[in-house]
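Trainee: Sequence:
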Amino acid sequence: MSRRREPGWRDAAAYRLLFRHLPDLRLDGPLLLVGDSHPELPAALASHGLHSESWNRRCRGSSPGTPWPADGSFRGALVRLPRSRDELAMTLHATVSVLAEGGPVVLYGANDEGIKSAAEEMTEVMTEVGTRAVGGRCRLLLGQGVPAMAHRKGRLEDWRESVALGPSPLPSTWVSYPGVFAHGRLDEGTRLLLSCTPTAPAGSKVLDFGCGSGIVAWEVARRSPDAELHLLDSDAVALEAARENVPGATVILRDGMPRGEQGAYNLVVSNPPFHRGKDEDPGMLTEFIDGAGDVLTPRGELVFVAQRRMELEPHLARRFRSVEVLAEDTTFRVWWGKDPIGG
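Start counting the sequence shown at 3; every next residue gets the next number (the working numbering).
It is worth saying that the hints were derived from the structure and are not from the lab. Glycine is no exception: its CB is placed at the ideal position from the N, C-alpha and C atoms. Please note: incorrect hints may appear among the correct ones.
With a straight-line Cα cutoff of 20 Å, these simulated DMTMM-like cross-link-like pairs (lysine to aspartate or glutamate) come out [said to hold, decoys possible]: (1) Lys340 with Asp292; (2) Lys340 with Asp296; (3) Lys155 with Glu89; (4) Lys340 with Glu313; (5) Lys118 with Glu130; (6) Lys118 with Asp88; (7) Lys155 with Asp88; (8) Lys340 with Glu289; (9) Lys118 with Glu89; (10) Lys155 with Glu126; (11) Lys155 with Glu103; (12) Lys340 with Glu326; (13) Lys155 with Asp73; (14) Lys340 with Glu315; (15) Lys155 with Glu122; (16) Lys118 with Asp13; (17) Lys340 with Glu330.
Now the in silico label distances, taken between C-beta atoms and shown as ranges [said to hold, decoys possible]: (18) Val327 with Thr299: 19 to 27 Å; (19) Ala266 with Glu130: 50 to 58 Å; (20) Gly104 with Phe21: 20 to 28 Å; (21) Glu246 with Pro200: 20 to 28 Å.
Please put together the full structure from these sequences, using the hints given.
Mentor: Encoded structure:
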C-alpha cells in the first residue's frame with residue numbers, strides 16, 4: 003500500500019472519520035474541542051445541535067492559544083491526537099479536569115501518528131476505552147468513566163519539570179513542560195546554534211522566533227546582558243516555561259512574525275519549525291526568512307539553524323546582502339544573513 007503524501011491528509015481523513023460516525027457516538031453538548039485542526043468542525047457539530055467550545059494550547063492565526071482549558075462542566079470532549087506521547091498524557095488529564103462526571107472523550111488521529119497505541123494513555127484517566135471506528139488510515143477511540151484518582155494532574159503546574167540541560171555554561175536547572183519542543187533535553191540543532199550565537203551590542207532588540215522554552219534567548223542574554231529580548235512562540239505552554247527560564251523578557255504568543263507592532267529588531271535568532279504536524283513544509287523556512295527580513299532594522303542580522311539538506315542559500319541571497327554559514331555538522335547548518343533587502 004503506497005504512503006499518502008499530500009499535505010494535511012491526516013487532519014482531513016481523521017475529520018471525515020469523526021464526522022461519519024458522529025451520530026453513533028451519541029454525544030451531548032456542550033463539547034470541548036481539544037487541538038481541533040479542522041475549521042469546519044464547530045459548524046458541523048452545530049448542524050447536529052451540538053454546542054462546542056475550543057481549547058488549543060497553540061494559537062492559529064487569529065485563534066488564541068491558552069496553556070490550560072477554562073474551568074467548565076463540559077459533557078464530552080473531542081480530542082485531536084497530540085504530537086507526542088507525553089503531550090497526550092498531559093492533554094488527557096487537562097481535558098478530564100473540566101469534564102462533567104461521566105463525560106466521554108473521543109480521541110481521533112491517523113495510524114502513523116500513534117493513534118493505535120494511544121489507548122494505553124487513555125486508560126490512565128478513563129475506566130472504559132475502546133476503538134469505535136477505523137477508516138482512511140485513521141481511527142476513533144472512545145473513553146468513558148473518569149475514576150477518582152489521587153494521582154490526577156489537573157493543573158498546569160502539576161506538569162512543570164525542572165531538568166539539567168548539560169554542563170556549564172548551560173543552566174543547571176531548566177523548566178519545561180510536555181509537548182514543548184525538545185522537552186527535557188537540548189536538541190543537536192539548537193546546540194550547534196548556541197555555539198555561534200552572536201553577541202548583540204548594548205541596547206539591541208533581539209527576537210527569538212519559535213523560542214520554545216527559551217534556551218537560545220537565554221544564551222543571548224548570557225552573552226549580551228543589556229539586550230532587550232522578545233521571545234515568540236505559537237505554544238502558550240512553551241511561553242509559560244520561557245517566562246521562568248528568561249526572566250524579564252517580553253513574551254509574544256503568535257504563529258508568525260510580529261509584523262512590526264513590537265518595533266524593528268537588530269537581531270533575529272531561531273531554530274525555526276518546518277513541520278505542519280508530521281509533514282515537512284520547506285515553505286515555512288522561506289516564509290520565516292522573508293518575515294525576518296521584514297522585521298529587522300536596515301543593518302539587522304538573522305542567525306538561525308536548519309537541516310543542511312535544505313537549499314536555503316538562493317532565497318537568503320535574495321533577502322540579505324551578506325550571507326554566510328557560521329557553523330555546520332553532518333546534519334545541521336547555521337546561517338547568517340545581514341542587511342535585509344526590502345521589507
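Trainee: Determine for every hint whether it applies to the structure shown.
Mentor: Hint check results:
1. About 13 Å separates the Cα atoms of lysine 340 and aspartate 292, which keeps this hinted pair within 20 Å; it holds.
2. In summary, the hint linking lysine 340 to aspartate 296 is supported, as the alpha carbons are separated by about 12 Å, within the 20 Å threshold.
3. Taking the CA atoms of lysine 155 and glutamate 89, the gap is about 13 Å. The hint holds against a cut of 20 Å.
4. Simply put, lysine 340 and glutamate 313 have alpha-carbon atoms about 18 Å apart, close enough for the 20 Å limit, and the pair holds.
5. For the hint linking lysine 118 to glutamate 130, the alpha-carbon distance of about 16 Å falls within 20 Å, and the restraint holds.
6. With a C-alpha separation of about 15 Å, the suggested pair lysine 118 and aspartate 88 falls inside the 20 Å cut-off, and the hint holds.
7. Among the hinted pairs, lysine 155 with aspartate 88 is consistent with the structure: their alpha-carbon atoms are about 13 Å apart, no more than 20 Å.
8. Between lysine 340 and glutamate 289, the direct Cα distance comes to roughly 17 Å. Compliance with the 20 Å bound is thereby established for this hinted pair.
9. About 16 Å separates the Cα atoms of lysine 118 and glutamate 89, which keeps this hinted pair within 20 Å; it holds.
10. A threshold of 20 Å between alpha carbons decides the hint, and for lysine 155 with glutamate 126 the separation of about 11 Å falls inside it, so the pair holds.
11. Straight-line distance between C-alpha atoms of lysine 155 and glutamate 103 comes to about 16 Å, which keeps the hinted pair within the 20 Å bound.
12. Taken as a hint, the lysine 340 and glutamate 326 pair is honoured in the structure, with Cα atoms around 9 Å apart against an allowance of 20 Å.
13. In summary, the hint linking lysine 155 to aspartate 73 is supported, as the alpha carbons are separated by about 15 Å, within the 20 Å threshold.
14. Of the supplied pair hints, the one linking lysine 340 and glutamate 315 holds, its CA atoms being roughly 13 Å apart against a limit of 20 Å.
15. Straight-line distance between C-alpha atoms of lysine 155 and glutamate 122 comes to about 17 Å, which keeps the hinted pair within the 20 Å bound.
16. Between the alpha carbons of lysine 118 and aspartate 13 the distance comes to roughly 16 Å, so the proposed pair stays at or under 20 Å and holds.
17. Taking the CA atoms of lysine 340 and glutamate 330, the gap is near 18 Å; set against the 20 Å cutoff, the hint holds.
18. Taken as a hint, the range 19 to 27 Å holds for the pair valine 327 and threonine 299, whose Cβ atoms sit roughly 23 Å apart.
19. Taken as a hint, the range 50 to 58 Å holds for the pair alanine 266 and glutamate 130, whose Cβ atoms sit roughly 56 Å apart.
20. Range check, glycine 104 to phenylalanine 21: Cβ separation about 24 Å, and the 20 to 28 Å hint holds.
21. For glutamate 246 paired with proline 200, a C-beta distance near 25 Å keeps the hint of 20 to 28 Å intact.
Comparing the model with each earlier hint shows no violations; every hint is respected.
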